[in-house]
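Chemist: Note that the protein sequences, when read in sequence, are chains A and B.
The numbers in the working numbering rise by one with no breaks, and the one at position 360 of the first sequence is 360.
The numbers in the working numbering rise by one with no breaks, and the one at position 289 of the second sequence is 712.
Since the hints were made in silico from the structure, they are not lab data.
Note that the coordinates shown come from a computational prediction; the quantities given were computed from them, not determined experimentally.
Quick reminder that beta carbons are idealized off the backbone N, C-alpha and C, glycines included.
Be careful, since some hints might not be right.
Below, simulated PhoX-like cross-link-like pairs (lysine-lysine); rule was C-alpha separation at most 25 Å, straight line [said to hold, decoys possible]: (1) B:694 with A:413; (2) A:65 with B:707; (3) A:405 with B:707; (4) A:66 with A:413; (5) A:413 with A:65; (6) A:396 with A:12; (7) B:900 with B:828; (8) B:900 with B:594; (9) B:707 with B:694; (10) A:66 with B:828; (11) A:396 with A:65; (12) B:828 with B:839.
A short, non-exhaustive set of chain A residues, derived as facing chain B with CB atoms under 10 Å [claimed, not checked]: (13) 131; (14) 181; (15) 195.
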Amino acid sequence: MKSSNAFIRETKFAARDRSLWFWLIVVVALSTISISFGLTEVARQNATLERLVISDQQDRWAELKKQQDWGSAAYYSFHLTYDAPSDFTFAAMGLRDQQPWKHRIRMLALEGQIYERDVANPSVALIGRFDFAFLAAFVIPLVLIMLLYDLRASERTAGRLDLLESTTANTLRFWLTRMSLRASAVFLCVTLPLIVGGLIASTAPGTLFLASCAVFIYIAFWSLICFYVASWKKSSATLLMTLVSAWLTTAVIVPAGARLAIDQLVPVPSGADILLLQRETVNDAWDLPRETTMDAFFERHPEWSNYQPVESSFEWPWYYAFQQVGDQRTEDLANAYRDGRQRRDHLAAWTSLLAPPSLLERWLQKLARTDLESSIHYENSVRAYHQALRDFYYPKFFSAAPFDKSLLAELPKYRPTQSDGAH
Amino acid sequence: MNQILHIAADEWRYWFRSQLALGAAGIFLVFVLVTSLITAVRMEAETHTRTHQQTEAEQTFLSQPDRHPHRMVHYGHYLFRAPAPLAMFDPGLDTVTGQSIFLEGHRQNTVMFAESAASANFGGLAWLSPALVYQIFAPIIIILLGHSDIARERESGQLVSLLAISISGHKIMAGKALALLSLSLLLLIPLIIGTSIALANGEDFFALLILFAAYFSYLALWVFITLIASIVLTQRSATLATLTAAWFGFALVLPSVAVNVATGSTPVAGKIETDLAMLYDLRKLGDGHNENDPAFQTLRSDLLEQYNVKRIEDLPINFRGIVAFDGEEQLTKVLNEYAEERMQIEAQQDTTISRYSILTPVLAIAFASRSIAGTDLAHYHRFQREAEAVRYDFVQGLNQAHVEKLSYQADINRNKDEESSRRARVDASNWQVLDDYQFETADVSQRMATASYSLQWLLTWLATSLISLLWLSGRIKP
């Protein structure tokens with residue numbers, strides 16, 4: 001009874017606190033802005049993809065109609081691959097402004113194509129979008145700091161502290177109630193727009209639940225830190241600056257330092273080297289004896305090893321063989337590039353335990369499938385699709401099948417796959 | 424004047440007594456020095472690597488054996504973008520834009536391999552640079568040291584006595600401002616050291632001067648904002664809270680919100696989408712590999728007439744080369760139209776974002792700083808334009824060799840047997856179509872022209888806050 005009375009009293013007291021109302025309105029407004037921008041951007045990306053799927057098909061068939069042989073059909077037809085935004089992307093745009101999420105590839109060496117980035121204006125990537133993940137991870141802690149840093153100090157300045165503490169049986173519980181009331185209000189204000197956005201985007205309830213839990217834990221974490229610091233008997237300026245420094249350390253200094261250290265610790269081959277090597281291999285093939293190229297090709301495709309290349313006249317099977325050999329030669333580098341990025345990401349996942357803002361942002365990006373893992377998953381799906389194209393064309397090239405346009409209808413189709421198969 | 428100096432000196436004395444203020448300023452100086460050092464070392468290494476890669480790419484190209492010239496058109500060449508000298512202060516777009524571009528005939532590739540694409544992901548604030556430290560963190564120090572300027576005097580009763588001995592509010596504020604401005608100068612010492620290294624690396628002195636002036640104005644602006652708040656709000660804690668809220672609104676929230684608004688209002692179509700439209704236009708042109716393409720019919724009859732011969736075999740020049748040359752020229756026109764359009768839309772979007780400097784001075788200083796440092800979008804576009812010029816020159820240089828150095832007969836028989844394929848080659852001395860390339864920033868006047876828009880906003884902010892401060896300080900009451 002007593003504690004519920006105290007709770008009601010606190011609620012009434014909080015309802016009269018104008019600065020609390022100000023910050024809650026700010027939070028609701030910012031959260032709504034971030035969610036509505038996210039929804040708009042996702043709708044824009046989906047609309048782009050819808051348009052692209054159609055014009056990609058038109059373009060491909062316009063080209064295919066003109067072709068007279070399998071080799072040219074493969075050479076002139078491009079295929080769209082893409083990673084559509086997930087049902088939670090609206091809340092965490094993640095790496096979608098940096099990593100490629102759509103390609104148009106063809107049967108040539110894949111390494112020359114897969115690193116093409118069809119991304120936005122670099123200024124957008126530099127400044128960063130105001131998405132829900134950024135709001136929750138970086139801005140909300142500052143709001144909590146503003147709300148909670150002078151919880152006691154303000155009462156002390158107002159001369160009410162002694163009175164307050166003497167009229168409550170359990171002072172710790174009293175301050176905890178006051179703190180958690182404010183923190184819960186912030187939590188509600190920040191998650192409510194998220195839930196509404198989730199309903200609009202028909203996000204899986206599980207995802208929304210996990211995201212809300214993460215935000216809840218995060219808000220609880222910062223509130224407790226604020227609560228602890230606010231209990232110090234120091235001037236409110238010292239308290240505020242201590243908390244702001246804590247924010248600076250975890251939101252900026254630790255991530256920046258860790259990023260530098262991890263990049264230094266885990267070397268990743270320069271992407272330009274992959275391209276250079278691939279280009280050299282493909283171009284040298286024109287001057288090499290054809291057996292050399294074909295032998296390297298047959299290592300992977302012994303089933304076509306009875307194919308006899310004709311010296312000094314242009315032949316498609318040989319041409320595509322040296323394209324593939326270009327990929328084979330760069331395989332080690334390309335794998336090292338991918339593995340290196342993954343190792344950096346794994347290390348970043350662990351180190352972000354020391355940097356809660358990064359931890360929350362990364363977690364939301366994981367839920368939204370806009371993290372590096374999803375990006376590499378997409379990259380792999382492009383590789384698999386490119387392989388499917390080769391599997392389609394190689395029998396036609398090497399068994400000298402007569403060109404038949406009707407067979408082109410059986411060209412493999414790219415199916416966007418989502419990571420983890422959660423949906 | 425003496426009274427103003429006296430007040431300023433008093434303020435400094437107070438800071439020296441207050442450990443909080445001194446500690447914060449000290450930590451800031453160490454922080455910015457460390458960041459400067461790391462960024463400088465990193466950029467120095469980048470410059471070294473990319474210059475090395477550039478030389479290597481040039482040597483590889485030049486050392487290619489005798490070949491059919493069109494093979495070299497497809498063999499292609501690489502350009503690497505060396506960082507600007509001031510990138511060690513403000514790397515700007517350097518980390519999020521690609522560093523190398525592959526140049527070849529018939530197409531314009533994108534600049535690939537941005538550092539940020541392979542780096543460990545910790546979110547947007549993990550890319551610290553000295554510039555960012557000044558833009559985002561220096562204001563906190565000013566707020567911390569200046570927020571209590573009036574409230575403190577009021578609490579200690581000093582304000583009454585000062586006003587009583589007829590020292591005007593203007594004079595008090597001038598003294599306080601002088602103290603904070605001299606502190607700002609102190610905070611800018613690492614900037615001066617850092618940019619002097621850029622000076623040694625060939626940066627223009629005038630650019631450094633402007634950069635310094637811009638950052639000093641920016642810090643001065645925060646000084647004025649802080650003093651305004653300390654006059655308007657009577658309580659110390661309320662002043663500090665309001666200023667902190669203003670700080671994170673300006674520095675953290677508004678710039679990103681501006682990005683959201685700009686990408687919504689001026690969307691940039693992706694490359695794949697514009698490429699599809701471009702492919703449609705390109706198909707209307709002739710294929711430069713095929714001398715029988717009907718698109719080159721007029722070219723053929725004109726040449727036959729000009730040289731007064733009946734068959735293209737009788738021309739003194741290689742018709743296949745002419746077609747390659749002409750085809751590349753037509754194609755490049757279309758490619759450039761699309762590229763220019765894309766860059767213009769990107770630049771427009773950039774302007775839309777920077778227009779939000781009206782809401783936050785942080786955007787104004789960020790854009791101005793990047794423009795002066797030569798790490799802004801304009802320079803990224805500059806690199807793309809230069810790359811295209813290099814591409815077109817070497818491709819057409821090779822096509823020229825195709826026209827003049829290779830006979831038509833040898834050319835059409837190139838696939839007959841090994842011997843004829845050998846005959847369809849030109850001497851490797853023809854590969855000398857490349858000049859040494861190094862990316863350099865635009866000259867200062869050009870950079871100033873881009874920066875002027877943001878600088879105007881910065882000065883507007885400065886002037887507005889100064890006027891408000893002057894007006895308010897006349898109304899200080901005890």
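Chemist: Each hint should be assessed against the structure and marked as holding or not.
Modeler: Cross-check of the supplied hints:
1. B:694 with A:413: Holds, at roughly 22 Å.
2. A:65 with B:707: Within the cut-off at roughly 16 Å; holds.
3. A:405 with B:707: holds, 24 Å
4. A:66 with A:413: The hint holds at about 21 Å.
5. A:413 with A:65: holds, 18 Å
6. A:396 with A:12: violated, 79 Å
7. B:900 with B:828: violated, 89 Å
8. B:900 with B:594: Roughly 13 Å between the alpha carbons, so the hint for residue 900 of chain B and residue 594 of chain B holds.
9. B:707 with B:694: holds, 20 Å
10. A:66 with B:828: It is violated: about 34 Å lies between the C-alpha atoms, which goes past 25 Å.
11. A:396 with A:65: The given pair, whose Cα atoms are some 17 Å apart, holds under the 25 Å limit.
12. B:828 with B:839: Judged against 25 Å, a Cα distance of about 20 Å means the pair holds.
13. 131: holds, 8 Å
14. 181: violated, 19 Å
15. 195: violated, 21 Å
The structure fails hints 6, 7, 10, 14 and 15 (numbered hints given earlier, in ascending order).
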